[in-house]
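Asks: Residue numbers (the numbering used here), protein chains in the order written: chain V, 1288 to 1530; chain X, 341 to 451; chain G, 573 to 1087.
Source of the hints: derived by calculation from the structure; they are not laboratory data.
Heads up, the beta-carbon is just placed ideally off N, CA and C, and yes, glycines get one too.
Be careful, since some hints might not be right.
[As the list claims (entries may be wrong)] Taking lysine-lysine pairs in the DSS-like style, the calculated list, with each CA pair at most 27 Å apart, reads:
{"id": "1", "chain 1": "G", "residue 1": "Lys638", "chain 2": "V", "residue 2": "Lys1524"}
{"id": "2", "chain 1": "V", "residue 1": "Lys1311", "chain 2": "V", "residue 2": "Lys1524"}
{"id": "3", "chain 1": "G", "residue 1": "Lys632", "chain 2": "V", "residue 2": "Lys1314"}
{"id": "4", "chain 1": "G", "residue 1": "Lys1053", "chain 2": "X", "residue 2": "Lys420"}
[Claimed, not checked] Partial list, computed: chain G residues near chain X (C-beta under 7 Å):
{"id": "5", "residue": "Gln779"}
{"id": "6", "residue": "Thr786"}
{"id": "7", "residue": "Leu787"}
{"id": "8", "residue": "Phe823"}
{"id": "9", "residue": "Ala824"}
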Amino acid sequence: MLSTLYAVLFYFATILLVVGTGLKIRKYARTPAPLKIPTTPAPTTRSGVWLRMFREVVFFESLFKANKWIWLFGYLFHFGLLLVLLRHFRYFTQPVWFWVEIIQPFGVYASFAMVIGLAGLWARRFLVERIRYISAPSDHLMLVLLLAIGLSGMGMKFVAKTDIVAVKIFFQGLMRFQINDLPTDPLLLIHLGLVASLMIIFPISKLLHAPGLFFSPSRNQVDNPREQRHLAPWAAKLEKGGR
Amino acid sequence: MAAYEVNGTTVEHDEEGYITNLSEWSKELAEIIAKAEEVDMNEEHWEVVNFLRDYYEEYQIAPAVRVLIKAVKKTMGPEKGSNKYMYELFPYGPAKQACKIAGLPKPTGCI
Amino acid sequence: MAPLDDAKPTTVTDVRGPDGHPLDIPRLACGAMADLQSFPAHVKHNERLGYPGELIDDWKEVAIAKIGELADKNRAFQVYLDACVKCGACTDKCHYFLGTGDPKNMPVARQDLLRSVYRRYYTFAGKHFPWLVGARDLTREVLDDWYNYYHQCSQCRRCSVFCPYGIDTAEISMAAREILDTVGKGQKYCNEIIGKVLDTGNNLGLQEKALRATLESLEEDIEEDTGVSVRIPLDEKGADILLIAPSADFFAEPHIEGLIGYAKVFHQAGVSWTVSSYASEAANFGLFIGSYENMREVSLRIRKAAQDLGVKRIVFGECGHAWRVGYSFLNTLAGPFDFLDQNFPIPQHILEFTHGMLERGELNIDKSRNDHIRLTFHDSCNVARGSRMGDMPGGQFEIPRAVLRAVCNNYFDMDRDTIMESTVCCGGGGGLLTDELLDLRTKGASPRMKAMQQVTEDHGVTHLAAICAICKTQFAKVMPKFGYDMDSILSVHQLVSNAIILDGQETNNTSAAED
Ligand code: SF4
Ligand code: SF4
Ligand code: SF4
């Protein structure tokens, strides 16, 4: 019964995540950028833009320039999350991919980085009056959600171990449209429930910053307006109206 | 819309004190606007105001500050032909404050 | 925790004392600038631009629909509304926040004024759980808040440099102003001026006859000064270069000294050039109100002037927002410029032109003529963060400095965090250069002025050079409040003009150092 419920939940969450985010990405991709607005100095070539994006994604370059504390906590969280996520591939692959094996030991410590980062970010929402001012309830809740996911996951690793083999069988089953038994210890159920909610919220929340970054005209445009004429389709129609 | 009171008649002005109908200007009105601006009109002020009005009559716009200064230099002497002196006469700037008193429209733009 | 309806205004207004680092962060002063309202446009100003004369009855529906329309037409608007994570990195980056302490002048809070409404009507969470995500209905108070606070943004893009997603509050401000215009709530300063450009070709309303008289007067002045006859041609068909200068260069100080500088450089270059009375304005206030259509209309005048006069090149004068529109948008708005000489950048900045001549050693310069000046340079925001000069990214920083160093012996940069891509706005850009906003302009200028005070203390700097008409006017107005003379602000080409020795110019060395 519970296994079925979670199975349905995860199918539902996955569909919402993929379709919802896909639709948003389609909207971003289809909405024209009428003018060239890269924040300069900006790269003058496509490859330069890729490099700029790479620095933003991998090092959070702009954030580093802006505020070292937010950068530090943000980086700890995101980098930790990345390693933790990659580590989770071991529950979906059989045999486990070799690079997942390699990062396995780091993934465990990464969870600490992730939780520390989140705690730091949350603390700033209370301690820094400017950030307190701009925080809506959802901004707090988002951090709480992520923290709870992290802590419940760590709880299973370090405190009340769950039957991880059974969990793996459950998820591998889902990938083949079979529903196997899911262990019922509370930490696991909480963990999985929260993860599913996160997946559901993703396309309707500020988590859209992840795809958004790649579509941000101030970052992804090439600085070459004098050399190459840039024209949005709706603007081209204006021209047909005669000048 | 607010208005100045001159000898019993009212002369409308915009939110910044520039009169809206330029033909309603008179010397008395200039004194009244000047008073509102806390400018005490003396001969030199009048010299500037008259020049502005003549210039406007011909060109439909106030003169460039530099052109004004050049004219002042000619009539009032070189020591008075400076931007600084203009600001002594009209602390809020010759272009804007003096135009207001002279009954010209406010010069607009990045100035 | 209800960020958008803050408590009653607290009293703190002057949050910045005279001392301290230029970028010191003030305490929040909620509501400090809530009542600052720039004059609304008159009916005729709005209607001239095709907007309703005054607030329409169904403003609410129209405004909400306009948000949706803009989100469909402009990717930046759509992405920026969605992507902000409220990280707070931008909160201390706006000079108006630094100067006023009003939290709604923090870039993210400024965006939220509109984002909260977008969320309410266009997102799932905002439709069903408004309290959770800070979404709110569009009410008259919200509309008024938009008007007041979107006219406290100079669209300088400083916040976009530091946001991890490049969210540019300027884009949101422009969109907000377009929405306000659409419902009949335009701003007088911008809309009156755009109307003047459409009617007379420039922001001032300067007719051809007056322009000609001014230019002739300047020719006289140059000849009197140098003994050389330098022309400032107007409407000369067949000239090689069309100069597009901000109309302030025909009117105000120190702008006009810059125009004299351009004329001298062109004279020495031996090129034929002309000003156009039809397109006698570089500035394009269509940018400020976020109106593609108005911006295009104004830009097309430049195209038409270039075609009518049969020029081969277009060169822009010293003008910040104008250069952004010129460099980044002109090709889009009024291109393609296939009828111009493709061997030169289209358009070219006057500094690119002058820099080229200096590099080739084609200008005879006597730097000592600027020895009475100890100089620093204000990077105008829209040049710094919205355009480029030369071939390399960052040329917009290097080229002006190279020119200044070539004509002046004593040059010093201000604090690195306040220049180049991090430059702090003069406080008067983006349609705020109007008298009723002077309080805001002064407070917004304080970070820049403090950075200048630092170099005055450390290096005895006396003067500030700028390449934007608005910056120059703004500084002339606010510098006296920070202990400088109003003529401490100089045009870059004024310094060039001081130092240049024209062929055949009488140089008697004793009077040479006068400016
Ligand atoms: S820096 Fe960007 S993401 Fe962070 S709060 Fe500001 S606008 Fe939002
Ligand atoms: S664009 Fe400039 S003025 Fe506007 S919010 Fe950003 S920093 Fe402030
Ligand atoms: S000064 Fe600034 S706004 Fe005025 S024209 Fe030049 S750039 Fe534009």
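Asks: Using Cβ atoms only, decide whether Thr786(G) comes closer than 7 Å to chain X, and label the hint accordingly.
Replies: This hint holds: Thr786(G) lies near chain X, its Cβ roughly 5 Å from the closest one there, short of 7 Å.
Asks: Take a quick look at whether Lys1311(V) and Lys1524(V) sit within 27 Å of each other, Cα to Cα.
Replies: Between Lys1311(V) and Lys1524(V) the Cα gap is close to 25 Å, so the pair holds against 27 Å.
Asks: Does the alpha-carbon distance linking Lys632(G) and Lys1314(V) stay inside the 27 Å limit?
Replies: holds (25 Å)
Asks: Holds or violated: Lys638(G) and Lys1524(V), Cα atoms, limit 27 Å.
Replies: Given that 27 Å is the threshold and the Cα spacing comes to 19 Å, the pair holds.
Asks: Was the hint right that Ala824(G) lines chain X, CB cutoff 7 Å?
Replies: holds (4 Å)
Asks: Take the C-alpha atoms of Lys1053(G) and Lys420(X), compute the straight-line distance between them, and say whether it is at most 27 Å.
Replies: Holds - the C-alpha atoms of Lys420(X) and Lys1053(G) are around 24 Å apart, at most 27 Å.
Asks: Just to be careful: measuring from the Cβ of Gln779(G) to every Cβ in chain X, is the smallest value less than 7 Å?
Replies: holds (6 Å)
Asks: Does Phe823(G) hold up as a contact with chain X if the rule is Cβ-Cβ below 7 Å?
Replies: holds (5 Å)
Asks: Take the shortest C-beta to C-beta distance between Leu787(G) and chain X; is it under 7 Å?
Replies: It is violated, given that the least Cβ distance between Leu787(G) and chain X is near 10 Å, above 7 Å.
In this structure, only the earlier hint numbered 7 is contradicted, and the remaining ones agree with it.
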